[in-house]
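This note's numbering puts the sequence shown at residues 9 to 296.
If you're looking for bench data, these hints aren't it; they were derived computationally from the structure.
Remember, predicted model here, so these are calculated numbers, not experimental data.
Virtual Cβ for every residue (Gly too), placed ideally from N, Cα, C.
Be careful, since some hints might not be right.
Claimed, not checked - With a straight-line cut-off of 27 Å between C-alpha atoms, the simulated DSSO-like cross-links for lysine-lysine are:
(1) K215 with K265
(2) K296 with K281
(3) K281 with K215
(4) K296 with K215
(5) K200 with K281
(6) K265 with K296
Claimed, not checked - Label pairs and their computed distance ranges (CB to CB):
(7) G115 with L155: 27 to 33 Å
(8) A176 with T118: 40 to 46 Å
(9) V116 with D149: 34 to 40 Å
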Amino acid sequence: MKKSTTGLLIGSAIAVGLSGCASSASQSSSQSSASSDAWYQHPLVCGVAGSLIGGGIGYATSSDSDEDKGASIGAVLGAPIGAMLCADTSPKKAQQCPTYQGDIPAGVATDAQGCPLDSDGDGVPDFRDQCPGTPAGVQVDASGCPLDSDGDGVPDYMDQCPNTPAGAEVNALGCEADLVLRDVTFEFDSAKLTSQAERILDDVADKLRGNENVRVRIEGHTDSIGDAEYNLRLSQNRADSVAEYLASQGISVDRMKTVGYGEQQPVATNETKAGRAENRRVELGEWK
9 MKKSTTGLLI GSAIAVGLSG CASSASQSSS QSSASSDAWY QHPLVCGVAG SLIGGGIGYA
69 TSSDSDEDKG ASIGAVLGAP IGAMLCADTS PKKAQQCPTY QGDIPAGVAT DAQGCPLDSD
129 GDGVPDFRDQ CPGTPAGVQV DASGCPLDSD GDGVPDYMDQ CPNTPAGAEV NALGCEADLV
189 LRDVTFEFDS AKLTSQAERI LDDVADKLRG NENVRVRIEG HTDSIGDAEY NLRLSQNRAD
249 SVAEYLASQG ISVDRMKTVG YGEQQPVATN ETKAGRAENR RVELGEWK
């Protein structure tokens, strides 16, 4: 076999191999940006192969007197060509999302800015959110679940008693027992709420709106000063007044039941001013 024919065959074989490496590198890059290329896909290796190809072709196509020169020129020209063939020229997907800087797995739905979807707007993308559908404005943890500071199973935004002791059994309001609405007071000898009472009830209403499945019982109580029958009516009117205010804040009347007990259920002595103040109260409990 002639020298020129042998050189061309060797060069062609190496060229075919190099072409396969370059093709493999391109496919590997398109499949996964995280996976590392095989050793034979490295531009340095491809450059060596390109040098051999160029040298073989240069040797095969040169005259007998110019064999060494042709091989050298071919090797010099072949090296950069081989390296370029195996270089990863596929476009890189830029991180465009301004609000989420973590890794975004393949296949995750994104918006026009390249950000992963966050349907409930809690700052935790849907693909990581273990509590989808959190109401707007509710604070969540890293898993997208509403905070529960006292660990009682009732999230803070629903919890009427947010500082329950660890391990305590609570009702749907997050309380161990009926909640005494401290500072929900009324004008003297009246069922008219004070402005301070309305501010407290605003917070109660916020949490009841978040806890839509719970119904509440509102109880009115008085001290023993005055006529018992009168106190009974006054306590009922005061419980009704609280319910009316909560209804004005968006709580359905179907979720509330009012009861007036008058002076029948004291929690302290009626013989002292301090005791009578404790007995004049409004309580909130779960209505089952």
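For which of the previously enumerated hints does the structure constitute a violation, in increasing order of number?
Of the numbered hints, 2, 3, 9 do not hold.
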